[in-house]
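Asks: Taken in sequence, the protein lines are chains A and B. Oh and the first sequence: position 425 is 1482 in the numbering used here, straight run, nothing missing. Oh and the second sequence: position 201 is 209 in the numbering used here, straight run, nothing missing.
Since the hints were made in silico from the structure, they are not lab data. Idealized CB from N, CA, C, for every residue including glycine. Nothing false has been slipped in among the hints.
Per the computed footprint, the stretches of chain A lying under chain B, defined by three or more beta-carbons under 8 Å from a beta-carbon of chain B, are:
#1 1169-1175
#2 1280-1288
#3 1418-1425
#4 1480-1487
Calculated lysine-lysine pairs in the DSS-like style (CA-CA distance at most 30 Å, straight line):
#5 A/1154 to A/1270
#6 B/420 to A/1270
#7 A/1154 to B/63
#8 B/63 to B/75
What follows is each chain in one-letter form.
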Amino acid sequence: MRYETVTDVIGNTPLVRIDAAVHGLRNIDLYAKMELFNPFGSVKDRAAWNMVRDRLPGAAERGETVVELSSGNTAKALAVIAGMHGLPFRSVTNRMKVPEIKDLLLLLGAQIDELPGRSECLDPADTDDPLTRMYRTVSAAGGGYLHTDQYFNPRNVEAHARGTGPEIIADLDGRAPDYFIACVGTAGSSSGVARVLRGHDPAVTVVGLVAEKSDFIPGIRDIDEVHEVGLFDPEVYDTIEAISSAEAIDGLLTLVRRCGTLAGPTGGGAYQGAVRYLRGVDAELTERRTAVFIVCDRVESYMSYLRERRPELFAQAARPQSVRSLTTDDLAAARTIGVGDAQEWIDKEVPLVVDLRSPFAYRALHIDGSINIVDDLFGEMLHGGLPFGRRQPVLLVCPVGEKSAQYAALLTRMGHPDVRSLQGGVIAWRDAGAELVRD
Amino acid sequence: MAPYLQPRVEDDLRSLLDEHALLHQLVDGLGSPLNLVLPDRLVRNVAAFRAVHRKHHLGGGVWFAHKANRSHALVRALAATDAGIDVASLGELQHALAAGFAPERIMATGPKSPEFLWLAARTGAVVNADSTVELADLAGIVAAHGLPPVRVLARLSGFASTGTNVLTRTSRFGIAAGDLTGLWETLEKHAGQLDFLGVAYHLDTVGLPEKAIALEGCLHAMDEAHQRGLRPRAVDVGGGFGVNYLADARQWEAWTSELTGAVLGRRPPITWNEHGYGLRNEGGTVRGALSVYPAHRSVAGPDYLDRLLSTPSAVHRRPLGTLLLDSLYDLHTEPGRALLDQCGATALRVEEVRGDLVRLAGNGGDVALEQHGVLMDPILVPRTRTEQAVDPSGFFLLGNLCLEADLLTRRKVFLPQPPRPGDLLVFVNTAGYLMDFSAGDALMQPTARTVAVSRGGGGWRWRLDEQYWPVTGREGTA
Ligand SMILES: Cc1ncc(COP(=O)(O)O)c(C=O)c1O
Ligand SMILES: Cc1ncc(COP(=O)(O)O)c(C=O)c1O
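Excised from the complex, chain A in its bound form:
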């Protein structure tokens, strides 16, 4: 298929059946609306494009900056679109919680502003929170900002009322599904789709999913936060249910491993929430029903999120030559040397002195003649074997003599005959009045 511009590729995403052998529902056909196929990777491409498209002409001449309160997919889509149209993009957020998305935004040239945390010594007279203040600045007319305002902008809902919703009906041969399940972030996708489906068939059941409170699923809100969303109208949903990040990840794993669908956490959450809700309905059914849920984005951006919550998924075999593998016997076998003896030893035998502290600290002050290999890097080098000959005596130094003792133990275990650790470290060296130099 040929397109003149990548924004024309937005929308018209496929609707794909989930194998009944996976979801286990007997009377329900479950379909995934594959929003992850949008060109910038998520359901938010539609909203982002619809919110800015009419405001782009002349924006560059007016020197406008596109700005949005977003730490995720909306920011990503807007950053791409802004870049295509020669506009700067600025993302304002409470916290950049997903490092991959932060890096991607920086790669795309976005400016990211993180708002300050709450005051430790509260001033109750200051009801003007930083977010409200920021909102006022970027919303002022003629202020040089093209503020897309996704939580309040009706064009966010419209993008789905014009696109996502009608596409689902068309792909179901002109019928609305009986159940529609979606995660709620700005409520744009769920409200837009629900409006169209209900218009077609008022009997459609709409299930909104939010994160459990104090849990975190990137891209969606919890049950309190959702009330801060201007587009959120509780009447849209027949029911609002909470899902945990654990459920979202379980769902993600099912989609990723069994359904060929590389969904992110909210896609997984929507799947898991859909199956959880539909299982109750399924038992009572006597005729076939159809259900649709949204897969909002892709899994690749959430590796740190997944690693933090399910480290076992990334289990790697422990590497043999590491300080973590040291036994108490290994540690006991390590040789240490006091400051006075070490000075003598340096003068007589000229051991290689390796300073394991950060380059930053080494630059400020170090033992004359020492070389600097920061401990992490030294650890990496040892995975490959001894980095110096066995005839070369070595003195390891670190701040207090703890890490150097561990590495001395490791080198000894690896067969080095004369490696010693400076007892008490550079601190003892300094406190003994021994010489430290800087370059």
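Dock chain B with the ligands against chain A, hints included.
Replies: Relative to chain A, chain B with the ligands alone:
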């Protein structure tokens, strides 16, 4: 479930609150409101901060931010430990000296009068300076009076972040970290008067990322100083480690949800006059931000310091604590609130109960929950123990001032059984800022007396605050 916010009460404080007869005797004899302080717990809290230093192999000191409480007993108990004290006024400095702090263990912070600077310089306290002008003034005092050099820290603010742009509230304190040339020149010019210990910050935020950026900024400032030939050796990370006030995170979550519901009119109000604590209803959408202290905190106090030191530097990709250690720097902290965790409580007598209104002998200045945005329930200590069925109902707690706004908390407070005149309501964990920071004598109402309580002889010993010294007089027989 009633929207409880039950306070976190630990060990000594917990058992003290079970001593109903003692508490009633004390309030009968000394009046309501009455502050109780527990000096022994303060000593244990210092040890917990010390343990974090040890874990990271860092030297340096824990300097108690005196401003958080004026009690003599607490300061004297602290003088008996290895902790330092951060004093923010001439009065606090005199108090610390009188309590037994040697000047080496005193640090002067905050806005300083010439008298405050002179006494700090004369005695040999550390001066944590807010500006280069203050450093120059101090040097002038030292030179004019022929005093020995004074150890100084330079407080910095306005640190730049890398990658993302982490915004911070503008601070009225500190030297702009972006251009330190003026600072180096001042220190070089007055090298005979000022012994430059290092740099400092104190940020009024619960946000760890902001503090990590400030600490990293300090490390860079130290490096710059070394390149100029100065020899600083310590970084002071200020206070603000926080306290967890509540026993149960779920109650906090439930309460904040209920408040959102109440602001939207979806449930009956749970606050006086439908106060929203910063939230408001605009056409069915909640606007504003919850403007209260985060009463439940999973990471606070020493754990928060540990977390900060374990945070990797954005530039060097190495934990900040390790970078401090690598550079052989000492770490100083100035915890106020966090050191006073579980160190006190304030008891108020119930005067009158009228429907859901409970009037107390004390006011919002005596227990400054509203001023500091701390939300938690008091504990009911009935005059006579009765085994009543637990039937929680909600009350508003009114103070003794003839002001419409004088409530101890604007929350509707749920108690396991209705209070009666003569009962006590005890707010726990008030030692940090909630006790005497804002107390006044409006209407000539009495201000609270303070009693120091400690375990001894199989029971509890109490002394008037001014009578407390960390000595028993029986040491000779021990
Ligand atoms: C990953 C992800 N899932 C789900 C959503 C929710 O979509 P909506 O904002 O349309 O409610 C978002 C949007 O912010 C998102 O980024
Ligand atoms: C300079 C300084 N240090 C320390 C503190 C103590 O802060 P906290 O009680 O939050 O630990 C304060 C509080 O205002 C302060 O201003």
